[in-house]
Structure formats: structure tokens, C-alpha cells
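Q: For the record, the sequence lines run as chains H and U.
The C-terminal position of the first sequence is numbered 388 in my numbering, with every residue numbered one higher than the one before it.
The C-terminal position of the second sequence is numbered 257 in my numbering, with every residue numbered one higher than the one before it.
Don't take each hint at face value.
[As the list claims (entries may be wrong)] Anything over 12 angstroms on all C-beta distances counts as not near chain U; from chain H, calculated:
hint: 1; residue: Glu246
hint: 2; residue: Glu248
hint: 3; residue: Gln376
hint: 4; residue: Ala378
hint: 5; residue: Ala383
hint: 6; residue: Phe384
[Claimed, not checked] With beta-carbon atoms standing in for the labels, derived distance ranges:
hint: 7; chain 1: U; residue 1: Gly204; chain 2: H; residue 2: Leu388; range: 18 to 28 angstroms
hint: 8; chain 1: H; residue 1: Glu350; chain 2: U; residue 2: Val165; range: 37 to 47 angstroms
hint: 9; chain 1: H; residue 1: Glu246; chain 2: U; residue 2: Pro33; range: 35 to 45 angstroms
hint: 10; chain 1: U; residue 1: Leu11; chain 2: H; residue 2: Phe90; range: 40 to 50 angstroms
hint: 11; chain 1: U; residue 1: Gly204; chain 2: H; residue 2: Phe137; range: 25 to 35 angstroms
hint: 12; chain 1: H; residue 1: Arg198; chain 2: U; residue 2: Ser160; range: 28 to 38 angstroms
Please keep in mind that the hints were generated in silico from the structure rather than gathered at the bench.
For each residue, glycine too, the CB sits at the ideal point set by N, CA and C.
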Amino acid sequence: MKRLKVAEKMRNLMAGYYMLGHQAKVRAWVTSGAPVEILYAMDVYPVYPENHGALIGAAKLGSYYSDFSEKRGFSRDLCSYARCDIGCVFAGTSPVGGLPKPSFLFACNNICNTVVKWYEILSRIFKVPLFVLDVPFVRKELKESHLRYVEDQLIDFIKFVEKLIGMQMDDSKLREVAMKSIEAVKLYGECLRMSKNRPSPMTCFDAFINMAPIVCLRGTDYAVSFYKEMKEELEDRVKNRIYAVENEKFRLLWDNIPVWYRLRWLSDFFASRNACLVADTYTNAWTGFGELRSSDLISSLAEVYTVSYLNIGLERMVEIINGLIEFYEVDGVVMHSNRSCKPYSFGQYEIQKKLSVPSVIIEADMVDERAFSEAQVATRLEAFLEML
Amino acid sequence: MISAGIDIGSLTAKCVLLSDSKILAYKVTRVKPKIEETAREVFEETLKIANVRREEVLSVFSTGYGRSRVEFADKAITEITCHAVGASFLIPSVRTVIDIGGQDSKVISVENGRVVEFVMNDKCSAGTGRFLEVMANALHLKLEELGSIAMKAEKKITISSTCTVFAESEVISYLSSGEKIEEIVAGICDAIASRIVAMATRVGVREDVVLTGGVAKNLGVKKAIEEKLGIPVKVPEEPQIVGALGAAVLASRKKNI
Ligand code: SF4
Chain H
1 MKRLKVAEKM RNLMAGYYML GHQAKVRAWV TSGAPVEILY AMDVYPVYPE NHGALIGAAK
61 LGSYYSDFSE KRGFSRDLCS YARCDIGCVF AGTSPVGGLP KPSFLFACNN ICNTVVKWYE
121 ILSRIFKVPL FVLDVPFVRK ELKESHLRYV EDQLIDFIKF VEKLIGMQMD DSKLREVAMK
181 SIEAVKLYGE CLRMSKNRPS PMTCFDAFIN MAPIVCLRGT DYAVSFYKEM KEELEDRVKN
241 RIYAVENEKF RLLWDNIPVW YRLRWLSDFF ASRNACLVAD TYTNAWTGFG ELRSSDLISS
301 LAEVYTVSYL NIGLERMVEI INGLIEFYEV DGVVMHSNRS CKPYSFGQYE IQKKLSVPSV
361 IIEADMVDER AFSEAQVATR LEAFLEML
Chain U
1 MISAGIDIGS LTAKCVLLSD SKILAYKVTR VKPKIEETAR EVFEETLKIA NVRREEVLSV
61 FSTGYGRSRV EFADKAITEI TCHAVGASFL IPSVRTVIDI GGQDSKVISV ENGRVVEFVM
121 NDKCSAGTGR FLEVMANALH LKLEELGSIA MKAEKKITIS STCTVFAESE VISYLSSGEK
181 IEEIVAGICD AIASRIVAMA TRVGVREDVV LTGGVAKNLG VKKAIEEKLG IPVKVPEEPQ
241 IVGALGAAVL ASRKKNI
């Protein structure tokens, strides 16, 4: 696997991010799809248990930390991010020495309802307040009433934080953070779209490895400068004809969260068969924030965070995937049926029927390596490539 | 020219020798812990049956669960592609292949000998040959007997559970409450057939349907699948060697190019 040079930088950046957390005065544990801009605007340090979960998965320690919560009665059917995160709390440590304790918790159910229960548990363990941002599911179109409902909660949330930290939010600061967020998202999107090149300068594995800043540091200068650099490196690659997969023959699209503990294996597997996973639905879900309007910030925040990828109907998801298929000119779709993430995996068999190119489903889990059977996955993928 | 296909499954190894589109010989053996050795042996035994020397075989392809560990093979191809090719070789009108192997089962949609779509069940043993093996043990019957016993049943008992372990205890309790053996066995065949048919419906069933794999020899399962699909199902004379045959066919094509 030809890693991007920026990956090294990303590692340092994230190490710094985790370290800073211990020094921060006010910390909130937040879900990946929560409007973090509000937190950064009020100097609240956001801690991302989901990113931490991915990190545990990549360190191949998923089952180890999951055991700590399973022993206390949490079901193995529960999302492995939740299992590992709660497991680390019980274990009192993690690959990064455990996450710094929260001052409060902020969960947004625009990705799933697991996060609500998960954060309620955290709230009981840490005895800190929890704010749940309840976002209605957008089956077809987004209604005005939906937006108002979310907007009202955002205003409540700002008051909730103001009361906790004893300080008022500065509107211009929020605007500034939002601008940086838009900028980073734009750059990140431009990085991903570099894969339109044939052969592609990067794979979705590069996108996965380098996605932590867009999740955790969205709204800061760090994310902006990081993706600027990543974009430059990719442009260089295109210019100098450096391709992610030397003899790119098949172009594929990945669906669902990565199998974190098998990134390298999967990446080598595809590369050795001249197949390049040029894009994925997961990292692309972070490129939809472009609609943030500085003039009407709260209402556009409400909108952007309501129509998130896991909060829309199947038809809309199909449209998005078919759009990616067309844009990246892919020959097939590899769908990871992820035991952990029900909202992401549930509709795959239906979606599969409506895609414009062939697809294959592999069964695994993003973090829990016990759900991965190498021989079975290899057979499916090989057969799929033979078929293409 | 002579080509060979070797299929290393989870329970059995098969080898087929092919010469100018004719099957020269084949052999089925049990898999031993050492896959390389198993492959070599089944290959040598087949050569012996056909009275062919190793040097005369111009190309060897491997397939099945152990395909990548057959080092002397020229190429490894998945059992999915090989079953499609093998079934098309025997029955050119095939559109759907249902393969029930020892530890997995799959349904493949075929068009002109090529795979268009497939589904596999490999996470759960219910719906595979292993399910029947466990049931045969619980009933103190031989695996091969199940089919003919099932055919004697006038009605069948519903085995409600789809999990092999739970189904086993269910079968034992039916046995002790004095239910007729043939009706229990028919119920077992029905249980496996319903798993298979559910899977087949997902890819879409088009005639002709060809049943392959060791379980295809079981008439009870074949009948239950036909009843559920509402159409007849064809079974090749030697359903177990279809994967190896497909590998041999592909091996012969490779050298022709
Ligand atoms: S269930 Fe899915 S969306 Fe929810 S936390 Fe787990 S991985 Fe994220």
C-alpha cells in the first residue's frame, strides 16, 4: 500500500489532538454527526468516542476492549464503537490512555438511535449532564416544521452550554468557526474528488486513514491546513503519474464504515488484483456540509445536520450512491454488511437491487475482528472480480 | 490436450481430468489436515484411474476453500465461477446453480456460462451439508440414507428451528416422543430446503435450475426444493464434482488461447 505522505502528519496532528484533550478546561463527548461548530465556538473541547473506537479497531484491540463491557452484560449485538468505548471506561484505559473525562455529553441521533442509549449510559457512569439533539428522520422531503424543531433545540443547546460554562456564545466566533468548517469540508471534498482521475491517485483506504481531522477538527485551522496539504500531494501525484494501484483495471466503490482492523489486508487484496476502490459512501458523507450559510447560521446548521446520510430514506441513498457510481465511473460496488451499524447495513440488500452496476456484499464488523472470516470474505470478493 | 481441476472443499477433495471436452476420470476423497498433500493425492489417484502421466496434463486449476494452497496449480479460481462453468458444461441450458456443500451453500445466476450474480450462506451451518450430517448422527442414520428415508414419508414434521444446534435437540425430542423417523427426516430436508430457497429467491430463480454439491444426491432435499420453487430441478450424474469440472474446463481454455 502506497500511503500518502500526509498520513504521517495526520498521525501527529491527531496525537496532538488527543493530548490537548487532557488540558482542556471544558470537554464534551460528542457523536460524529453533532454540530461541533457550536462547541468550538465556545471553546469546548470535543471528544469523539467513535473516532476512538475506530482507533481501537485499527489497533486490532476491538474484542479486547469489547470484553470489558460484554462482561457487564452489554450484548455483542450492540454497536462495537459503543461496546469498546464503554469497555474502555470500565478498563480505565485505551490505546491512547483512555479518553479525558467529559464535563457534559452531546448526542445527535442523526446517525442512529444507539447513540442515545449509549450516551445515557455514559451520563450515568460519569454523572454529567447529557444533551440529546433529536433530529427527525427525513423519509422524503425536509419539512419546514422539521427544521424549526431542530433549530429550537440548537438554541436550547447553546443556552445549555452557556449555563454550564458561565459564558455567552459570541455569534461572530460561531460564524468564524463555521467558515473554517465549510472551508475544510470543501477541501476534503476536493481531495476525494481527485479519485476521478484514471488511474486514481488515491484509494478509499487513503480517505479512511486521513478522515479523522474532518470528523474531530472540523471548524479549526488544523483541518483546513491539513486538507490543503493533502490536496497538494494528490495534485502532485496526478502530475507525476503516481497511481494508487499500478495497473488499475477495475474501479470500485466501497459502501459502509471501513473494516478498521483489515485496512491493509483489504487494500493489498484489491491492489494485487488490479482493483482500485476509488471512492466510498462513508467519507463522502462528510462532504455534504457545503450548504452552511453564514447569513442564517443556526437554520443552515439545522438543515445540514438533519439531512445526514444515515438519516434519509433508501431512495435518496440510492440516488447518492448511483451519483457516486457515475461520477467516479466505477465498475462495481463492494458493500460491507456491518454487524455493528444497523442503520448503515439494514437496507443494503434493497439498495443493491437499484444500483446501476453489480455489487457484492461481505459480512464483517468495523471494529470487532471476531466477525471477520478471511476465507469467506476472500471468496466473495474474488468471485466478484472474476465476474466483472 | 488434457487439463485438470482440483476442488478442495471443507470436507472432500475432488479432481477431474478433462481431455478435449470429455471427462477422462474423477475422484472424490476426504480432506486431510494437510491441504497440499490432499491435493497431490487426489490428483495422483485420478491420474492413475485415467492411466495418464503427470506430464501429459498441460494445465491444472484449483478451486474451493483450499484453492490458494494448492501450490502446483497454475491458477486458483473461486468455486463460484467454477460451479457456473462446470454446470454449464454439463447442462448448457442452466440459468441458476444451487450448490449445497459441506460448510457453505450458494446460489449462482448464470448467463452463457458466466456468473451474473451470486449469494452465499457461510456464516451459519443450517442450510449446508453439515446440518444434514449432524441430524443423521442424532438419528443414528447414515448420511446417504436420509434421502431415501425421507421419500417414504407421507407427511413431514416441521422442524421449527433454523439453527443446527437447536434443531438437533428438537429432532431428539421428536424421536423420544415417538414420531415416525421418516417424517422427521422429511422435516429435516424441508428445513434445509427452505433456507436454500429463501437465498435463491434473492438472486431470482430462472430455469433451468441445477443442483450441485454432495447434498444434491439427497432425493429428499431435491424434492423439497422442487416443491418450494414449484419447478423441477436438474441434478448432474455426479453433482459433487461440478466445481472441479469447472476448474478443469477453465484450465483447458487457458491453454487454448
Ligand atoms: S450504530 Fe452506526 S451510526 Fe450508530 S454509533 Fe454505531 S457505527 Fe455509528
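Q: Hints first: check each against the structure and report whether it holds.
A: Going down the list of hints, with the structure as the test:
For Glu246/H, the non-interface assignment is confirmed: its Cβ lies about 20 angstroms from the closest Cβ of chain U, beyond the 12 angstroms cut-off. Its beta-carbon lying about 22 angstroms from the closest one in chain U, Glu248/H satisfies the requirement of being farther than 12 angstroms from that chain. Against chain U, the non-interface label of Gln376/H is violated: not every CB pair exceeds 12 angstroms, the least being about 5 angstroms. For Ala378/H, the non-interface assignment is contradicted: its Cβ lies about 8 angstroms from the closest Cβ of chain U, within the 12 angstroms cut-off.
For Ala383/H, the shortest C-beta to C-beta distance to chain U comes to about 4 angstroms, within the 12 angstroms cut-off, and the non-interface label is violated. For Phe384/H, the requirement that its beta carbon stay farther than 12 angstroms from each beta carbon of chain U is not met, with the minimum near 8 angstroms. Restraint check, Gly204/U to Leu388/H: a C-beta distance of roughly 19 angstroms satisfies the suggested window 18 to 28 angstroms. For the pair Glu350/H and Val165/U, the beta carbons lie near 31 angstroms from each other, so the given range of 37 to 47 angstroms is not met.
Checking the proposed 35 to 45 angstroms range against Glu246/H and Pro33/U shows it holds: the Cβ atoms sit about 37 angstroms from each other. In this structure the hint that Leu11/U and Phe90/H lie 40 to 50 angstroms apart at CB holds, the actual value being about 42 angstroms. The hinted window of 25 to 35 angstroms between Gly204/U and Phe137/H holds, with their beta carbons roughly 31 angstroms apart. Roughly 54 angstroms separates the CB atoms of Arg198/H and Ser160/U, a value that falls outside the hinted 28 to 38 angstroms.
Comparing the model with each numbered hint stated earlier shows that hints 3, 4, 5, 6, 8, 12 do not hold.
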